[in-house]
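**Student:** Here's the letter readout for the chains.
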Amino acid sequence: MCEKPDCKQLLESLSLYLDDEAEEALCAEIEQHLAECPNCRIVVDTLSKTMRFYHDHGHASLSKEARERLYTALDLNDYLRDSES
Amino acid sequence: MADSSITEATLNLDRLRAGDKAAFAQMVALYADRLYNLIVKLLGNPQEAEDALQETFVNAFRNIHRFEGRSQLGTWLYRIAHNTALMRLRTRRPDTISIDEPVTVEDGEMLPRQIYDWRDLPEDEMLTGEALAYMEAAIQQLPEPLRAVFVLRDIEELSTAEVGEALNLSEPAVKSRLHRARLFLRERLSEYFHERTGDHV
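Chains as they are written, first to last, in this note's numbering: chain A, 11 to 95; chain B, 1230 to 1430.
Looking at chain A on its own, in the form it has when it is part of the complex (with noise of 0.2 Å):
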């Protein structure tokens, strides 16, 4: 699995090439390795959505009891309501 030098060498780079931070020479390299290596094609498709369900999901939010718990604490009550939409 992904265990040959190309593989692991791509893999170093994989966050670079999905945030479009790596160069072009090197976006070739990869996008050459990744048409010719299935398993790399999966490793990225997989790390990307890994990526978008956490992005998209990952977000804890205040409950509206702990904002509520929290204004109280920090004396702004009175401006409890504005921060509300």
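Just to be clear, a hint being listed does not mean it is correct.
[Stated by the list, open to error] Looking from chain A toward chain B, a few residues come up when the C-beta cut is under 10 Å (computed):
#1 K18
#2 L21
#3 Q42
#4 L44
#5 A45
#6 E46
#7 P48
#8 C50
#9 G68
#10 R79
#11 L80
#12 A83
#13 Y89
#14 S93
Just so you know, the hints here were simulated from the structure itself, not pulled from any lab data.
All C-beta atoms in this analysis are idealised placements derived from N, C-alpha and C, irrespective of residue type, glycine included.
Position chain B relative to chain A; hints supplied.
**Tutor:** For chain B alone, coordinates are given in the frame of chain A:
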């Protein structure tokens, strides 16, 4: 939800520094949710995170005169939130540490082991409540230094430079930790989806 009409640009820093309560309230409205997400990810306990959030704002208010405006206010607040949470982590008594010990992440362990292909599974079926809880638990397994970077960069959408400033890290260090965190989480999610779909080929 915070009032979307308040932005960092509309916050009046002079009034904030002068101890103006309305300005402070605006700052809380703008940042409470974002800081809470970082803190709860670091502490893994909503109740303690609430306390730490409160402490963060008290510390911020007390020190706002030292905020020089060279960094963004948000970055400065994240730094205080991070330090406040770390302080709590350090003073936790050993017997209160979660039994889910964070796994150590050596570079060698970052090689992908799970090549299970879950790219094309239907998302609405994948993202059950159980899956979301698993995702949260997987974050808790990340070593703390990787966790803060991942949360700020990939969930809260700070830039590499901002994360570096908030956590006092160089940009290459941010990038390297972020990459290790992502690979770690990909591994955990792959294990989970592999197991759940029962497709043990």
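**Student:** All hints, please: hold or fail.
**Tutor:** Against the structure, the hints:
The closest approach between the C-beta of K18/A and any C-beta of chain B is roughly 7 Å, which is under the 10 Å cut-off, so the hint is satisfied. Interface hint status for L21/A: upheld, as the beta-carbon distance to the closest one in chain B is roughly 7 Å, under 10 Å. Among the interface hints, the one on Q42/A is violated; its C-beta lies about 19 Å from the nearest C-beta in chain B, farther than the 10 Å criterion. This hint is violated: L44/A has a C-beta 13 Å from the nearest C-beta of chain B, more than the 10 Å allowed.
The closest approach between the C-beta of A45/A and any C-beta of chain B is roughly 16 Å, which is over the 10 Å cut-off, so the hint fails. Checking E46/A against chain B by beta carbon gives a least distance of about 15 Å; that is not within 10 Å, so the hint is violated. A distance limit of 10 Å between C-beta atoms decides the matter here; for P48/A the minimum to chain B is near 9 Å, and the interface restraint holds. Using the Cβ-Cβ criterion of 10 Å, the hint placing C50/A at the interface with chain B is satisfied: the shortest such distance is roughly 9 Å.
A hinted interface residue such as G68/A counts as satisfied when its beta carbon comes closer than 10 Å to some beta carbon of chain B; here the least separation is about 5 Å, so the hint holds. At about 7 Å, the closest approach between the beta carbon of R79/A and any beta carbon in chain B falls short of 10 Å, and the interface hint on this residue holds. Here the hint on L80/A is kept, as its CB sits about 6 Å from the closest CB of chain B, short of 10 Å. Hint on A83/A holds. Least Cβ distance to chain B is approximately 5 Å, under the 10 Å limit.
At a threshold of 10 Å, the smallest CB-CB gap from Y89/A to chain B is about 4 Å, leaving the interface hint in force. Look at S93/A: its Cβ gets to within about 4 Å of chain B, closer than 10 Å, so that hint holds up.
Hint violations for this structure: numbers 3, 4, 5 and 6, all remaining hints satisfied.
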